[in-house]
Amino acid sequence: MTSGSSNPLAKIAMKVIIVATISPATMEMTKTSRILTSAMLRPRGPHSRGRGSYRKFQLRVDSPYFMALERNGREDRFREIRVSSILGGIGGAYLMLCFLVPMAMPEGSVPQLSGRANALDYATEDSWGNTNGGENDEVGHDQILNGGLFAWRDLNPIFAFTYAFGDLNCHQKHERSWEINGNQMPVCARDIGIFLGFVIGAALFGSRGLNRWTTRDTFLSVFPDELLENTYANDKRMSSMIILLSLGIVPMAIDGFTQLLTDYESVNPLRLATGMAAGLVVGWFICASLCARATGFEGASSVILPNGAKLIQK
Numbered sequence: 184m185t186s187g188s189s190n191p192l193a194k195i196a197m198k199v200i201i202v203a204t205i206s207p208a209t210m211e212m213t214k215t216s217r218i219l220t221s222a223m224l225r226p227r228g229p230h231s232r233g234r235g236s237y238r239k240f241q242l243r244v245d246s247p248y249f250m251a252l253e254r255n256g257r258e259d260r261f262r263e264i265r266v267s268s269i270l271g272g273i274g275g276a277y278l279m280l281c282f283l284v285p286m287a288m289p290e291g292s293v294p295q296l297s298g299r300a301n302a303l304d305y306a307t308e309d310s311w312g313n314t315n316g317g318e319n320d321e322v323g324h325d326q327i328l329n330g331g332l333f334a335w336r337d338l339n340p341i342f343a344f345t346y347a348f349g350d351l352n353c354h355q356k357h358e359r360s361w362e363i364n365g366n367q368m369p370v371c372a373r374d375i376g377i378f379l380g381f382v383i384g385a386a387l388f389g390s391r392g393l394n395r396w397t398t399r400d401t402f403l404s405v406f407p408d409e410l411l412e413n414t415y416a417n418d419k420r421m422s423s424m425i426i427l428l429s430l431g432i433v434p435m436a437i438d439g440f441t442q443l444l445t446d447y448e449s450v451n452p453l454r455l456a457t458g459m460a461a462g463l464v465v466g467w468f469i470c471a472s473l474c475a476r477a478t479g480f481e482g483a484s485s486v487i488l489p490n491g492a493k494l495i496q497k
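Residue numbers (our numbering): 184 to 497.
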């Protein structure tokens, strides 16, 4: 566009920049001007809706964060959204399979199982879960007396994958699992909670998380900056992250290890709740870890942090 253009939208764009009450740094103002002007002068295609681009710009200017930069000083959140969507999608897809597969299988196809975690116990009819035969053993039971043999290799690929992953990941004890359509679910109630919480944690970070260079700062970015002012003023970032992770993981650890080491037996609703809390903080933390990076910043000190704090490289 030439300097002599009379495009009224261009004048509006420059006027907004001039009268803005926010005073960003020179570098930020330059980036803002470039982004806003390009948004205003985007060519309209033959099938456009006339003022659609203008209305989008107005919403952006009238928002509390009028500048084009995010709260971390970057221009976009593409990586945060992409990472969270991929991880949440994977966890959510398997969670759905845990419900849909036993529902789709003929009633009574999956008997009462009782295997070991981190081991394949029901791949074939000769696998450990089908041949153990110790009804009173601490792990396993007499499979014949509990509904008959089960081999997930005999199922179609999708059903087989669903139960194979559960076989490897979970002990699949029937008394700690739910049934759908007369079929035991692929994983126990606690694992259902973990997967559900993981999806929620990924969605939380995907909706609010920001790359702030370090894992701890990226993890805490889901909170409004106003709530983090004291945390940054006293440099309690690491301890705050550890406390939040502990609040999610410790209840599950207490419930699980107490059950393992004593005669205490938990109940499925509690297993679900504690698993969900643990899965939430784990999903949140993994997303933050994968998104925390120096890419996109001119230096550590260019990261925008709450309370005017600055990162310093030593």
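Do not take every clue at face value.
To be verified - Cβ-Cβ distance ranges computed for the label pairs, FRET-style:
hint	residue 1	residue 2	range
1	437	262	34 to 40 Å
2	283	496	48 to 54 Å
3	254	430	23 to 29 Å
4	283	330	19 to 25 Å
5	439	493	40 to 46 Å
6	262	327	48 to 54 Å
7	268	351	23 to 29 Å
8	253	449	28 to 34 Å
9	416	261	26 to 32 Å
10	482	410	25 to 31 Å
11	340	269	32 to 38 Å
12	472	364	17 to 23 Å
13	444	417	33 to 39 Å
14	448	253	47 to 53 Å
No lab work stands behind these hints: they were computed from the structure.
Where is the CB? At the ideal position from N, CA and C, for every residue including glycine.
Now the hints, each set against the structure:
no. : hint                   : in the structure
1   : 437 to 262: 34 to 40 Å : 35 Å, holds
2   : 283 to 496: 48 to 54 Å : 49 Å, holds
3   : 254 to 430: 23 to 29 Å : 24 Å, holds
4   : 283 to 330: 19 to 25 Å : 21 Å, holds
5   : 439 to 493: 40 to 46 Å : 42 Å, holds
6   : 262 to 327: 48 to 54 Å : 52 Å, holds
7   : 268 to 351: 23 to 29 Å : 25 Å, holds
8   : 253 to 449: 28 to 34 Å : 42 Å, violated
9   : 416 to 261: 26 to 32 Å : 31 Å, holds
10  : 482 to 410: 25 to 31 Å : 26 Å, holds
11  : 340 to 269: 32 to 38 Å : 22 Å, violated
12  : 472 to 364: 17 to 23 Å : 38 Å, violated
13  : 444 to 417: 33 to 39 Å : 38 Å, holds
14  : 448 to 253: 47 to 53 Å : 48 Å, holds
Violated hints, listed in ascending order, are 8, 11 and 12; each of the other numbered hints is respected by the structure.
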